[in-house]
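Residue numbers (the numbering used here), protein chains in the order written: chain A, 1 to 119; chain B, 1 to 116.
If you are wondering where the hints come from, they were derived from the structure by calculation, not from laboratory data.
Just so we're clear, the structure is a prediction, and the values are computed from it rather than from any experiment.
We put the beta carbon where it would ideally sit given N, CA and C, even for glycine.
Treat the hints with care, as some may be off.
Covered stretches of chain B, going by a simulated chain A footprint (3 or more residues, C-beta under 8 angstroms) [as the list claims (entries may be wrong)]: (1) 40 to 54; (2) 102 to 109.
In silico DSSO-like links for lysine-lysine, alpha-carbon gap of 30 angstroms or less [what the hints assert, rightly or not]: (3) 68/B x 57/B; (4) 14/A x 42/B; (5) 9/A x 42/B; (6) 57/B x 42/B; (7) 5/B x 71/B; (8) 15/B x 58/B.
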Amino acid sequence: NAGVTQTPKFQVLKTGQSMTLQCAQDMNHEYMSWYRQDPGMGLRLIHYSVGAGITDQGEVPNGYNVSRSTTEDFPLRLLSAAPSQTSVYFCASSYSKGPGLRAWNTEAFFGQGTRLTVV
Amino acid sequence: QQQVKQSPQSLIVQKGGISIINCAYENTAFDYFPWYQQFPGKGPALLIAIRPDVSEKKEGRFTISFNKSAKQFSLHIMDSQPGDSATYFCAASYRISSGSARQLTFGSGTQLTVLP
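Just chain B, with the same shape it has in the complex (with noise of 0.2 angstroms):
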């Protein structure tokens, strides 16, 4: 069965702060790392994602990490704001059998609240 561990499952920063959320998966077959970002009351909104070739993608200030040796990727959110307060899921893609589609793996969540 497919599985990403994520962790913490709370998380308090204060404005301007750093928030770093870690993942870790055991299947070699996860070849595509997404980040969701989920408000009270909406679904989930793709973030940031990254491809195992690479070892970090930033957008702003949200940055991917990637150590595929390791098995583990992380989030971090640099210079915290009180809008980043919300519920992030770390996710892994994997191909579905021999066809082009792929299906997605959820961690269990972060949720981050950042204090004005």
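Next comes chain A alone, as it looks inside the complex (with noise of 0.2 angstroms):
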């Protein structure tokens, strides 16, 4: 009964330093994805899955990178730590409720985020 679990919680960083945002869900979902939430910006769109093996950009995937070996898994990798990337991420999954092309609900599950801090 986990859902969605995000480690570490906390992380502080120095620039220029590499890290990995690690994010495991159990719910059997196809779906994953990373935002990122900073003040008054709401929550954006940093990389998501479609399902193991595939990956796509969202609205700002520079910086990151990420990879979906299994369905369980989706980590986010910080390449070279900016004060920039100083922010709360959250990792989510989803299902599509409803066949096909006429899937309405997403129902996304979040993590309970990873608060990153560079310095």
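Starting from the two chains in their separate frames, assemble the complex, guided by the hints.
Now the structure itself:
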């Protein structure tokens, strides 16, 4: 009954360091995504995946990489951390109700977030 | 670029009052409109959602009003309670390319404070 699990919850990096934010879900959802949340800007999509082996860029992908080797895991990599990447990061998984192109509902389940500070 | 505009940025309401948050969109490809509620230190959680073929959806004290021609939708919280104090995000969903996967675009959020 874990849902979406993100680790770590908090992280401080120095400029130029790299790190990986982990995300795992146990609901067998095909769709996973990463968002960053900044004050006054809502949640902005970084990268998403529609299934194992398939990833694509969202609104703000620069400086981040993702991979999806399994249905459960969707790690986010910061290649060379910059102060502009200070943010709260959320991983989400979702599924569509209904068949194929008539699918309506997108129930997105979010993790508890990772607060990242780059100094 | 997909975009959803949300207002107000912050809202203070007395206990028992009505809280109203508004959102507007441009892209007619959006076809599902959820609202998310976020408490401090937590991830957003789905609150209520509406499809564009209905003009209103009510769940308890929460109501979404949807105006397809104006491309606007709003969340009404009746009899607001201090426990409703949270950040609320509207969102809009659209289908990615020709597959069944869907993507969410979020508004900028409204911080609601309900005074006791």
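Structure-based check of all given hints:
{"no.": "1", "hint": "40 to 54", "verdict": "holds (count 8)"}
{"no.": "2", "hint": "102 to 109", "verdict": "holds (count 8)"}
{"no.": "3", "hint": "68/B x 57/B", "verdict": "holds (14 angstroms)"}
{"no.": "4", "hint": "14/A x 42/B", "verdict": "holds (25 angstroms)"}
{"no.": "5", "hint": "9/A x 42/B", "verdict": "holds (11 angstroms)"}
{"no.": "6", "hint": "57/B x 42/B", "verdict": "holds (26 angstroms)"}
{"no.": "7", "hint": "5/B x 71/B", "verdict": "holds (11 angstroms)"}
{"no.": "8", "hint": "15/B x 58/B", "verdict": "holds (20 angstroms)"}
In this structure, none of the earlier numbered hints is contradicted; all agree with it.
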